[in-house]
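J.: If you read the protein sequences in the order shown, they are chains A and B. With the first sequence counted from 1, adding 164 to any position gets you the working numbering. With the second sequence counted from 1, adding 31 to any position gets you the working numbering.
Since the hints were derived computationally from the structure, they do not count as laboratory data. Yeah, the Cβ is synthetic: ideal placement off N, Cα and C, and Gly gets one too. Some clues are possibly wrong.
Quick list of the computed label-pair ranges, beta carbon to beta carbon [claimed, not checked]:
1) A:Val230 with B:Ala69: 39 to 49 Å
2) A:Val398 with B:Val235: 48 to 58 Å
3) A:Met295 with B:Met62: 21 to 31 Å
4) B:Ser107 with A:Pro322: 26 to 36 Å
5) A:Gln173 with B:Met62: 48 to 58 Å
6) A:Ile363 with B:Leu110: 45 to 55 Å
7) B:Val194 with A:Glu383: 15 to 25 Å
8) A:Pro268 with B:Phe153: 39 to 49 Å
9) B:Val235 with A:Lys279: 18 to 28 Å
10) B:Ala121 with A:Ala394: 31 to 41 Å
11) B:Ser107 with A:Val203: 48 to 58 Å
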Amino acid sequence: MGFPKIRAQTVLHVATLVAMAFALWMMFVWVPTDINQGVVQRILYIHVPVAWVSMVAIVGVAAASVLYLVTKREVWDRLALSMAEVGVMFGAIMLISGMIWAKPVWEVWWTGEAKLTTALILFFIYVAYLMFRAYFPPGDQRMRLSAIIAIIGAIDTPIIYYASVLWQEAHPPLVVGPVAEEENLVAAEIGLTLLVSVIAFTLLFFSLLTTRNGLARTENEYETLKFTMAKTEVAEIL
Amino acid sequence: MVASLSIIWALTRKELRIESRNRDVAIAIVMFASLVIAIFAIAIEPTARKAIEAGPGVLWAAVTFAGVVGLTRATSHELENDAVGALMMAPVSRDLLFIGKALGNFIFLAVATVIVFVVFTFLFNLSVLHVEVLVIALLATIGLSAVGTLFSSLTFRARAREVLLPMLFLPSVSPLLFAAIRVTSSAATDEAWSASLPWIQLAVAYDVVFVTASALLFGFVLDD
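Throw the hints in and build the complete structure from the sequences for me.
T.: Below, the structure is given as C-alpha cells:
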C-alpha cells in the first residue's frame with residue numbers, strides 16, 4: 165500500500181479552488197468600496213483578470229498554431245482548440261462584465277473606445293475560428309486550415325488595435341460620469357485584490373485548459389477507434 | 032520572372048474568361064451592393080447632412096458585403112467537376128496560383144466598385160470622387176481581394192461555407208473598412224488631404240502585410 169498517486173492536474177484544480185475562494189473573499193469582503201465609483205467598481209476585479217486571461221489565450225492559440233504548422237503534431241492542434249474555446253468563453257465574460265460596469269460609470273453600455281472595438285472584433289474572429297472547426301470535417305486538413313485562420317487573426321490584432329485608436333481620435337473619448345478625471349483609483353488594497361484575482365483567474369484558465377485538452381484527447385481517440393472499427397467491418401464484408 | 036508573370040496572366044485570363052461567359056460574379060457584386068445602398072437610401076432618406084454622416088459607412092458596408100457574395104460565387108464554380116483538383120495538378124507554385132486567383136478577384140471587385148460608386152452618387156446625392164477616395168478605394172480593393180481569396184479557398188470545402196466566409200472575412204478586413212469609411216467621410220466634408228494620410232498609411236501597411244501573408248499561407252491551404 166503506497167500513497168495514492170496525486171496527479172498534477174488535481175493539484176492544479178485544488179490550487180485553483182483555494183485561490184478563487186480567497187480572491188472572491190478579497191473582492192467582496194476585504195477590499196473597501198471605491199470612493200469614486202462605489203460598489204460597481206468591484207466588477208473590475210473580475211473584468212480585468214478575465215481580459216488578461218483572454219489575451220493570454222489569443223497569444224497561446226497563435227503560438228500553438230505556428231507550432232502545429234511547423235511540426236504537424238496533433239498535440240498542438242488540440243492545445244490551440246482548447247485555448248480558443250476557453251479564451252472565447254473568457255472573452256464573452258469580459259465583454260459582458262465590461263458593459264455592466266460601463267452603464268453606471270460611463271452612462272452607456274457601449275462606446276467606440278479603441279480597446280472595446282478591438283476586443284469585440286477579436287471576439288468575432290475567434291468565434292469564427294471555432295465555427296470553422298465545427299463545420300469542417302475532422303482530419304489533417306482541418307488542423308492545417310484552422311492554424312492558418314488563427315495566424316491571420318494574430319497578425320490582424322495589432323492592425324485592428326491601431327485602426328481602432330485612429331478611429332477613436334476622430335471622436336472625442338467619452339468623458340461622462342465621475343470616473344475619467346479621478347487618478348487615485350489604484351489604492352494599495354485595490355491593487356492587491358486585483359493581483360490576487362489575476363493569479364486566481366490565471367490558475368482557473370489553466371485548470372479549464374487542461375480539462376478541455378484532456379477531453380479533446382479522448383474525443384480524438386474515440387474518432388480514431390470508430391474509424392478503425394469501421395475499416396475492420398468493411399474489410400470483413402469484403 | 033517573365034515565366035511567373037505569364038503563369039499569373041494565364042490564371043487571371045482563365046478567371047476572366049469564365050466570368051465573360053456567365054457574368055456570375057460581377058453581376059452578383061453590383062446588384063447586391065446597389066440593393067444594399069438602395070435599401071439604406073430609402074430607410075435614411077438622405078438629406079445633405081445625413082448623406083455625409085451615414086453615406087460613407089453605407090457605401091463601404093455595401094461594397095464589403097457584396098464582396099462576400101462575389102467571392103462565394105467565384106469559388107463555387109471551382110467545386111464543379113473538381114476544377115480545383117485539376118488546378119492543383121498544374122506544375123505551378125502555390126503562390127503564383129494565389130496571385131492569379133487574387134488578381135482575378137481584384138479585377139471583378141474593382142469594376143464592381145466603380146459601378147457601385149456611381150449608384151451611390153445618385154441615390155445619396157453625394158459626390159465622393161476625390162483623389163484620396165480613389166487611392167483608398169484602390170488599396171481597399173487590393174486588401175479585400177487578397178484576404179477574400181485566402182478565406183474563400185479556406186472555407187469552400189466546409190459545411191455552411193456561406194456563413195463561414197463572412198464570419199471570417201468581415202472582422203479580418205475591419206481595419207480596411209474603417210480606413211475607407213474615414214477617408215470617404217473626410218473627402219465628403221472637404222477636409223484637407225492630411226486628415227486622410229494616417230488612414231492611407233494604415234491601408235498600405237495592411238495590404239503589404241496581408242498580401243504577403245496570404246500568398247505564403249496559401250501554400251498550406253492547398254497542400255494535400
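J.: Next, verify each hint and record whether it holds.
T.: Verification of the hints:
Distance hint check: the CB atoms of valine 230 (chain A) and alanine 69 (chain B) are about 45 Å apart, consistent with the given range 39 to 49 Å. Take valine 398 (chain A) and valine 235 (chain B): their Cβ atoms lie about 56 Å apart, and the range 48 to 58 Å holds. Range check, methionine 295 (chain A) to methionine 62 (chain B): Cβ separation about 28 Å, and the 21 to 31 Å hint holds. Against the hinted window of 26 to 36 Å, the Cβ-Cβ separation of serine 107 (chain B) and proline 322 (chain A) comes to about 34 Å, which satisfies the hint.
Between glutamine 173 (chain A) and methionine 62 (chain B) the Cβ separation comes to about 56 Å, which falls inside the hinted range of 48 to 58 Å. The given range of 45 to 55 Å is respected by isoleucine 363 (chain A) and leucine 110 (chain B), whose C-beta atoms sit roughly 50 Å from each other. Between valine 194 (chain B) and glutamate 383 (chain A) the CB atoms are about 24 Å apart, so this pair conforms to the stated range of 15 to 25 Å. Separation of proline 268 (chain A) from phenylalanine 153 (chain B) is about 46 Å and conforms to the stated range, judged on CB atoms against 39 to 49 Å.
Checked against the hint of 18 to 28 Å, the C-beta distance between valine 235 (chain B) and lysine 279 (chain A) comes to roughly 25 Å, which is consistent with it. For alanine 121 (chain B) paired with alanine 394 (chain A), a C-beta distance near 34 Å keeps the hint of 31 to 41 Å intact. Serine 107 (chain B) and valine 203 (chain A) have their C-beta atoms about 55 Å apart, which keeps the hinted 48 to 58 Å range intact.
Consistency note: the structure conflicts with none of the earlier hints.
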